[in-house]
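**Student:** Residue-level listing of the chains:
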Amino acid sequence: MGIAYTWQQTEIIKLAYQGNYCHKTYKEVLDRNHYLRYNLLNLKSSSYLGAKLLDENTSYEIPKVSQVLSLVYPKSAAQSNKSVLGKVVQGTKGTSEKGFFLSSLNMQDVWPISLVTAYMNRQAQAQDIGNQ
Amino acid sequence: MQICISHRRLRTTILFFLLLFLLCFIRLLYIQFFKSRYLSTIANQQHNLYVELEPLRGTIYDRHLRPQAVNFPYDSLYASPRQIKDKDALIKELREILGLEYGFLKDRLFRNKAFVWVARKISPEQVDKIKKLKVQGLGFVRESKRCYPNKHLASQEIGFVGLDNAGLEGLELYYDEYLRGVNGWAYVLRDARQNQLLWKDMILPKDGNEIILTIDEFIQFVTERELDAAYRKFHAKGASAIVMNPRTGEILALANRPTYDPNFPQKAELDSRRNRALCDMFEPGSVFKIVTASAALEEGRFKESDRFFCENGSYKVANHILHDHQPHGWLTFSEVIAESSNIGTTKIAQGLGADIIYHYASAFGFGKKTGIAMPGEISGVLKETKFWSKTSIGAVPIGQEVGVTALQLASAISVIANGGVLMKPYLLKSIRYSNGEVASGFKPESVRQVISPLTAKRVKDILVLVTEEGTGKLARVADFKVAGKTGTAQKIEPNGLYSHSKYVASFIGFAPADDPLIAMVIIIDEPHPYYFGGVVAAPAFKKIAQDVVKYLKLQEDTYAAHEITEKIR
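So the sequence lines, in the order shown, correspond to chains A and B. Take the first sequence: its letter number 54 is residue 53 in numbering that gives the first Met the number 0, and every next letter is one higher. Take the second sequence: its letter number 550 is residue 549 in numbering that gives the first Met the number 0, and every next letter is one higher.
Chain A extracted, bound-state conformation:
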């Protein structure tokens, strides 16, 4: 019994050493992850990006609302919502973007783009696109 107990204990210690080795490897990978996350945060920070992109000497500026197109709908979901498109086209009859809508009926990939553009155009009519 004594021998069995001692053997059991030595086996536990052996497994502990193996676990230690795996833990050391895991820790090294985790440290690397932390290091990369830290670098990523620094690079993504406004003080770094802003200094690069929005410095006085650069030609970048914040866009106006009319200059931005938001793509927020995934392609896969577009397949199941084709029936809605007809209603949207009906609702925008007589507007300048009707031609655009009709042409997009055959372009499943850009169906969400047309919806968002229509919305943006309606908003921008009160702003500078209408003036142009």
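These aren't lab readings, by the way, just hints derived from the structure by calculation. Be aware that a few hints might be false.
To be verified - Covered stretches of chain A, as calculated for chain B (at least 3 residues, CB under 8 Å):
(1) 5-15
(2) 37-46
(3) 59-65
C-beta atoms are modelled at their ideal positions from N, C-alpha and C, and glycine is treated no differently.
Given chain A, put chain B in place with the hints provided.
**Tutor:** Below, chain B alone, put in the same frame as chain A:
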């Protein structure tokens, strides 16, 4: 005979071994019954190690969950001087890697101790270089270090922590009990070489709560960029800027100059760590005229078309001569504010009386702390009318003999922007547990209705005139109307007289005037060579308002686009 001798030898041998056995048995009994506790304690100390488990300090986020203060694991270097052979060579190497002084390293490594700290929380590059040295007697302990990836951005608000991760300034100090978490502990089995093998009993640490601010990192960046530009251009002593949502009281940005990097607080000067927007008081000058104008219209004593003779720039009040920055003749009520005539404003105030002026100044929040959850806020100074002198009626309404903070001015201009309600400014959006669950949220809090919505609109129209035709033309933005007021206040010299060389230039306003998204205060302390608020502070207001309003409108549109797609789904 021979048989007798052999029997005797046998008995002697047996007796000897019996005696030996008895001695062993007694020793065994002694160890088992008298020394067992002592020996098992020693064994326990050798085999097991009590380890305190440090909790992760809560992260501080901006309103869009971008990390502003976050903890990362860092190694701290220790030495066992008794095990180090060539100490001089090691000092030379460590000096080069860590940049520490020779005297400091010599003192540490020549101590007759088993454990000394050499450098705490050093960078991974430094750790790699030291490990390559392969020196016996050096080791690393893993600790947690607070990092601020945005460096000086919002440094005075966020504050910093000490070496032991306890908050020392700003929000790190104010919310330290939420952020710090609770220590855990564990008993660890060690081998003969002190390697940790098995974790036995343990209580896991409870990580600190996370706090989400109302600050928008991008708006903070834009504000700091323009404030920094104005601060440098006009060689100012100090500067502050606050951008606030006038409807809710949320602080979107709060910037001060000079500033510092909270990653290295020990290198910062004390002056740069001060949150001037809350802690510094100054005489506001002409920006305070919004109080006088609001009081006059709310009380119904005056209308926008009422005319006032501005004495061609010189007017006696008791024994004091009041001057305008530019002589005026007859001005309407609106023009008095638009052209910032001190004499015209004084005449309006004389028509109202000291009690009404004091009442409205108090209602706008001056003379009291706003109650923002930040350390170091002061209340400013607003004397009760019983302490007013005969000249005070010509001073208080134009922003003299009164002490305000930038935060009070931001709250006051928000009253005009949001239809007359004084909102309590706040910096904290919510506190949440480390698993993301919200512990407590903070909502907008309205303090009081200061003026009616109609009066607020009328004052707003006058403030639009300031930027369209008055002293604030440099704050005008092409894409939308801006409402605001300029201020150029003389500072007081140590001898008690108003200075002719030291001024506080300011601009307070909101944009767009028709549907305000932001209220803003820009304060520049001792600018030179120019010192007028309309020249020094107004351009900074314009640049910040331009970018921030575009940014906020983009956000509004993005959310609206999301709503459309959600409806379609």
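**Student:** Each hint should be assessed against the structure and marked as holding or not.
**Tutor:** The hints, checked one at a time:
no., hint, verdict
1, 5-15, "holds (count 3)"
2, 37-46, "holds (count 7)"
3, 59-65, "holds (count 5)"
Hint check: no violations occur; every hint is consistent with the structure.
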